[in-house]
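**Student:** Listed here are the chains, written in short residue letters.
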Amino acid sequence: MLSLPPCSAYRHAQLITPCKPAEGGSLYSRAGSVERAIGELINSGVPGAAIAVYSDEGWWEFASGYAKIEDKVPMQTCHLQYLQSVTKTYLAVAVLKLYEEGRIALDSPMTTYLPEKYSSYIVDAEKVTVRMLLNHTSGIPEYNFSPHYVAYLLQHPDHKFEPVDYLKYIKNKPLDFAPGSRYSYRNTNYVILALITDALTGDHAQFIEETVFKRLDLTNTFYRNDAHYLTYPTIVNTYWDRYSDGIVENASRLQRSNVASLVGDDGIVATPIEAVKFLKGLMEGKLISKATLEVMKSWTNDSKGQPRYGLGLSHATINGHVAYGHSGGGIGAGCELYYFPGENLYIFIAINLGTVTDSPLHTGAGKAREKVYQALLD
Amino acid sequence: MSLLLSLFVGFNIVAQGDTEQNYQNFPIVLTLQFHAFAMPFQSVLSNFSNVGIGIGTEVSMNGSHEWVQQLNLMWYRNRAIGNGVMLYTQAAWRPEVVSDAYGELKLGAGYLLSFRPAESYKQANGQWISAGRKGKGMLTIPLGVSMGYKGFSSDAFVSSFISYQFMLVRGYNASIPLVPETIVQVGTAIQSD
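Top to bottom, those sequences are chains A and B.
FYI, the working numbering numbers position 243 of the first sequence as 243, with every residue one higher than the one before it.
FYI, the working numbering numbers position 16 of the second sequence as 1016, with every residue one higher than the one before it.
Because the hints were derived from the structure by calculation, they are not lab data.
These figures come from a predicted structure and were not determined experimentally.
For glycine and all other residues, C-beta sits at the position ideal for the given N, C-alpha and C.
A couple of the hints might just be wrong.
Unchecked claim - Partner residues are not named here, just some residues of chain B that face chain A (Cβ under 8 Å, in silico): (1) 1037; (2) 1118; (3) 1136; (4) 1175; (5) 1176.
Said to hold, decoys possible - Straight-line distance between alpha carbons at most 25 Å, and here's what the computed SDA-like set of lysine to any residue pairs gives: (6) 367/A with 1174/B; (7) 371/A with 44/A; (8) 1136/B with 148/A; (9) 168/A with 1166/B.
Bound-form chain A, shown alone:
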């Protein structure tokens, strides 16, 4: 049964309120060039963008464009952004906490921890280890690739999927390749890791709250254990170029409902500065030990032999600079969270334009993104 969201005159939009950015922060010597590059990002057809940076000069943040086009609500740095797949890094940290506590062995079969009611949906589940889930070498099929799932999601924007629903979409499908033989990114791996963490802790979201959010005092980072999850009035509206024609529509209802259903592979919302605080805390050993962080950075190579992914952490090269972190993309949003060890630079940048389906707007946005990184790094 479809129901209308009660909070907005626009059926597909959400109410959003202005917020009060945190005071303080330092001047940033590159602020002018970064702001100009983000201006180009906005002029390329992205509704709004927000960025937070931590460098040797301290903290700096900036936002431009609209958090909601219809009401001309300006994007602010205090608005909550969808972290999308960056959530995987948070969950990986939680799993690695369990590893540090001796509650999970990375090279044990996932069936050691995953209840049979879930593992029964996965072909050759006993051949897949926890590490293979973390570094995307499991070969488990992608639920997102199911046309039935995609069609159902679009036709039923208010439907709440349960974790087991995602596993049903891959039921009886053979593994895409022999477990451990190669890297191939699959959201399903992190749905399973969330279920494993549920089985070991009772509630993976609460465990993330305890082991990450509270440890770093993140008060503007929210996940599914929060009673007001995704209903905070400072969450940005999101936009989607449905027909790849450069025209965007407000997809906030679909985006919110979709994210509310996602488990482990997506789901966290945060302010830009708190996203950076998370990665900074991780890299500085505040969440897991230095030794475990090295395990997290045991990179799996891609088909070209280049380091690509650790345990919930991407290895990227951006404008020639090595970076660790994660990117995220959704129906109505996209973001990147990276640490550049060579420059001791942390950056989080988010846009409220969908990135999972192609749009001609992405061409200009991609060029502007390069300029943002040039301004930050070169």
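With the hints as your guide, set chain B onto chain A.
**Tutor:** For chain B alone, coordinates are given in the frame of chain A:
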């Protein structure tokens, strides 16, 4: 509601069956549509949330009821993925199964104008301006199966039917070039002398 009523009335009329010779080209075909963005035979109940109407006609390709070419125009309302208007033609093979009851297989091509479910926007000179619910035209290939009952009386031919159509829609967006849509149809074809 009146269309539904006509379907049942029509069914009573066709119960007074007659022969193939009464068949004439260009009956008026009225349909009630139930549309969904779905894979074939998946979540069929969701079709009934999205109602539409259609009008069409058909012409025999061999002088009988068995091979016909149909032309239809339909509109549907779909609040989740956007409303649509589709013009399509299908060649239908309609073998009689038993005593004026027939099955039908049909395949064709069409043009779907699919609108957006929400107000849309584009940038012009640095400002966001409304683009309304501007839609997109896409080619479709509708494949359908039907069951119906044909009847003839001294002054009318009336056939009532139910169809299930699966449509492949081409060019939805750059990442999903081919999308599945389904339609459940109930309808009646009417031809007066």
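**Student:** Please go over all the hints and tell whether each is borne out by the structure.
**Tutor:** Here is what the structure says about each hint:
1. The beta carbon of residue 1037/B comes within 4 Å of a beta carbon in chain A, closer than 8 Å, and the hint placing it at the interface holds.
2. The interface hint given for residue 1118/B is met, as the beta carbon of that residue sits about 4 Å from the closest beta carbon of chain A, less than 8 Å.
3. Given the 8 Å rule on beta carbons, the hint for residue 1136/B holds: about 4 Å separates it from the nearest Cβ of chain A.
4. Residue-level restraint check for residue 1175/B holds (minimum Cβ-Cβ distance to chain A is 4 Å; threshold 8 Å).
5. Interface restraint check for residue 1176/B: the shortest CB-CB distance to chain A comes to about 7 Å, inside 8 Å, so the restraint holds.
6. Among the hinted pairs, residue 367/A with residue 1174/B is consistent with the structure: their alpha-carbon atoms are about 19 Å apart, no more than 25 Å.
7. Between residue 371/A and residue 44/A the CA atoms are separated by roughly 13 Å; this keeps the pair inside 25 Å, and the hint holds.
8. Pair hint residue 1136/B plus residue 148/A holds up; C-alpha atoms about 22 Å apart against a cutoff of 25 Å.
9. A C-alpha spacing of about 23 Å is found between residue 168/A and residue 1166/B, which places the hinted pair at or below 25 Å, so the restraint holds.
Hint compliance for this structure: no hint is broken.
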